[in-house]
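K.L.:
Chains A and B are the protein sequences, given in the same order. Per this note's numbering, the very first residue in the first sequence carries number 1; after that it's consecutive. Per this note's numbering, the very first residue in the second sequence carries number 351; after that it's consecutive.
Just to be clear, a hint being listed does not mean it is correct.
What the hints assert, rightly or not - Here are some chain B residues the structure puts well away from chain A; computed CB gaps all over 10 Å:
1) V358
2) I423
3) L471
4) L492
5) G496
6) I533
7) G561
8) G562
9) G603
10) D604
Claimed, not checked - If we take Cβ atoms under 8 Å as the criterion, some of the chain A residues that face chain B in the derived model are:
11) I75
12) R123
13) V124
14) S132
15) I134
16) A135
17) F138
18) I139
19) G263
20) F308
21) S310
22) G311
23) I321
24) L325
Note that these hints are calculated values from the structure, not bench results. Even for Gly, the Cβ is constructed at its ideal location relative to N, Cα and C.
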Amino acid sequence: MDLPAGTRNFSYAEDMTIFRTRTQKASLALLFLLLFTAPLWLDKTLLPVANLIGITLIAATGLNILTGYCGQLSIGHAGFIAVGAYTSAVLTNRLELPFIAGIIGAGLLSGLVGILFGIPSLRVKGFYLAISTIAAQFIIIWVINHWESVTGGFMGMSVPYPSLGGFVFKSESSQYFLIMAFAVACIYFAKNLARTRVGRAFVAIRDNDLAAEVMGINLFRYKLTAFFIGCFMAGIAGSLLAHWTGFLNTEFFSLSDSVLYIGMIIIGGMGTTLGPILGVVFIRLLDQALTHWLVPSLEGTDILPIGFASGAAPMVFGLAIVLFLILEPRGLAHRWQIFKSAYRLWPFSY
Amino acid sequence: MAELLQLVITGITVGMVYALIALGFVLVWKSTGVANLALGQIVLLSSWFTYGMLVQRGLPLWLGFLIVIVFSILLGWIVERVILRPLIAQPILSLITVTLGLAYFIQGIVVFIWPISVAALPRLFPIEPVHIGPAVVSQQYLWAAGISLLFFGLLSLFFRYSRMGVAMRATADDQKAVQACGIPVTRIFSRSWMFACVLAAVGGVLMSSIGGVTFGLVETGLKSFSVVILGGLDSFLGAILAGPIIGLAENLGDGYLTRLIGWGGVKDVIPFVVIIIVMFIKPYGLFGEERIERI
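Work the whole structure out from these sequences, hints included.
P.N.:
Here's what the structure looks like:
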């Protein structure tokens, strides 16, 4: 079903290939061409949105590995992103280390904090784990807010531009290339991770952790690995976010953001590589459409109550999460799959 | 000494309100198996609704509260019927995240209808402070604790003697057996949600009569999760006992730890630290039943 008519796999390697046919390779090349020339043809007001999508995509891909593949629900993802953001900010601003040290440090520290809060996952799951990650979110944000000598507390702190080997990423479009390079690398990693021994172990743990343990999968190791990888990506995303916005405070990392990340991978489709991409683009464009186009165009016309501007986005997002869970729990990725196979078979539907 | 006594009394009384809210959570968890993470937002919504009825509409207290109770029953019914009923027998991951979506949605509604961030309810309880030994305690706390106790009593009578209450306890115990006995399980589900929403509303009104109607009420709901975790997810007794413990820890920590470490706002983080500690030491809580899983 996944392959066009006439294409057959004769070896395992062929079967596992991601880009099998010439058309697929050509469309990948075209995608990259479009992606990396985007600053040339994309509207200037849309470029920041694209950057935000790229950053969110890295975080959501990490969460997808943790929740979608390994089945460990984390409602503290924004907290882990905050750890990365502040680590990178402290390393580059206060200690004046290069950007590359900042981003790697951010990933590692986030990963370690993730492991720390992931330890309860060895004994509990489901709701218990969800609550302990919510607790992680609150504790992390509280520590950041009160550790003023390092993080700047409620006042926030400024972050320098990222730089690599003397080149400073000052403009929006140069940052776009940086962010997209990281996003592509993370998606490539996630796609390949799912096909390795580790990835298959994650899926086994998600489907039934007891059965997985009986089959010889070391739960301790793999669950914590999942937490490490998921939070490592959160840290990378946090670091990029910090350097992109140039200023940090904890309002970027609230509990509702954590919920929104969960919503993104649900809307996109959990446990697929395509899912987070679709979900992130969907939510971010919806956000853009609501807060930047719809609300200003209706403002001053007296049709709307005052609360519309701030209340519309949470309402629509919440509704989207609920509706997707009830009507299409496998998300947009599944819809896209249905569409593709229907298109392949058309007009002979069987 | 006076300060200690004061902190202890405030802690225990506030903790009882947490316990009341937590009871609604335990009820839903036991009978339907759904973890209601929207609890904080339900508390928020019903408090704002109370504000809308009592202050904005200017209704008399008794009528206002009657409408609030009817509203929260209706809210529970709608939530169960529209959102949770289609998801029966879905994986726990969907059940948790759907309540997160609901939480998001309710928060949007609250911001939409009441775009102000702080408001005060009309005075419900007499304001003169009471002297207990050397301590001076605001009377509102005692009233809140008294009303919570009243609701504990009513609930335990309901579960002991009413037909519906017995059926609900039976559903919590064994769903399939109850179904085989001819008890309509879906109706029990919807009753549990109604109860949870009413308890959340009562807790919300009590909390906001003390501290005003703010977004901090969401955290009150979240704090009752730590009550639930400490007491054990499926234990009513655990929730009632753990509530005052959390309240005590919170107030004593606020009173003494703040001076010790010099960071303000210790009060807000202590319940979450308790959650993490309980997770590491005794994840099923004080009275929770440890589930042994089979493949």
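K.L.:
None of the hints should be skipped; say for each whether it holds.
P.N.:
Quick rundown of the hints versus the structure:
1. Every CB of chain A is more than 10 Å from the CB of V358(B) (nearest about 24 Å), matching its label as outside the interface.
2. Under the 10 Å C-beta cut-off, the non-interface status given to I423(B) relative to chain A holds; the minimum distance is some 21 Å.
3. For L471(B), the non-interface assignment is confirmed: its Cβ lies about 20 Å from the closest Cβ of chain A, beyond the 10 Å cut-off.
4. No Cβ of chain A approaches the Cβ of L492(B) within 10 Å, the least distance being about 29 Å, so the stated non-interface status holds.
5. Every C-beta of chain A lies more than 10 Å from that of G496(B), the closest at about 30 Å, which supports listing it as non-interface.
6. Listed as a non-interface residue, I533(B) keeps its Cβ farther than 10 Å from every Cβ of chain A; the least gap is roughly 25 Å.
7. Remark: the non-interface label on G561(B) is consistent with the geometry, its nearest Cβ contact in chain A lying 18 Å away (cut-off 10 Å).
8. At roughly 19 Å from the closest C-beta of chain A, the C-beta of G562(B) stays outside 10 Å, upholding its exclusion from the interface.
9. The claim that G603(B) lies off the interface holds: its Cβ sits roughly 12 Å from the closest Cβ of chain A, which is beyond the 10 Å cut-off.
10. The Cβ of D604(B) lies farther than 10 Å from every Cβ of chain A, with a closest approach of about 13 Å, so its non-interface assignment holds.
11. Taking 8 Å as the C-beta cut-off, the interface hint given for I75(A) holds, the closest approach to chain B being about 7 Å.
12. For R123(A), the shortest C-beta to C-beta distance to chain B is roughly 5 Å, which falls under 8 Å, so the interface hint holds.
13. A hinted interface residue such as V124(A) counts as satisfied when its beta carbon comes closer than 8 Å to some beta carbon of chain B; here the least separation is about 4 Å, so the hint holds.
14. Proximity of S132(A) to chain B holds as hinted, the smallest CB-CB distance being about 5 Å (cut-off 8 Å).
15. Contact between I134(A) and chain B, as hinted, is supported at the beta carbon level, the nearest pair being about 7 Å apart and thus within 8 Å.
16. Interface hint at A135(A): satisfied, since its Cβ lies 4 Å from the closest Cβ of chain B, which is below the 8 Å cut-off.
17. A distance limit of 8 Å between C-beta atoms decides the matter here; for F138(A) the minimum to chain B is near 4 Å, and the interface restraint holds.
18. Taken as an interface hint, I139(A) checks out: its beta carbon lies about 5 Å from the nearest beta carbon of chain B, inside 8 Å.
19. Interface restraint check for G263(A): the shortest CB-CB distance to chain B comes to about 7 Å, inside 8 Å, so the restraint holds.
20. Checking F308(A) against chain B: minimum C-beta separation of about 6 Å stays under 8 Å; hint holds.
21. The interface hint given for S310(A) is met, as the beta carbon of that residue sits about 5 Å from the closest beta carbon of chain B, less than 8 Å.
22. The restraint placing G311(A) at the interface with chain B holds, with a minimum CB-CB distance near 3 Å, inside the 8 Å limit.
23. With its C-beta approaching chain B no nearer than about 3 Å, I321(A) sits inside the 8 Å limit, and its interface hint holds.
24. Among the interface hints, the one on L325(A) holds; its C-beta lies about 5 Å from the nearest C-beta in chain B, closer than the 8 Å criterion.
Every hint from the earlier list agrees with this structure, and none is contradicted.
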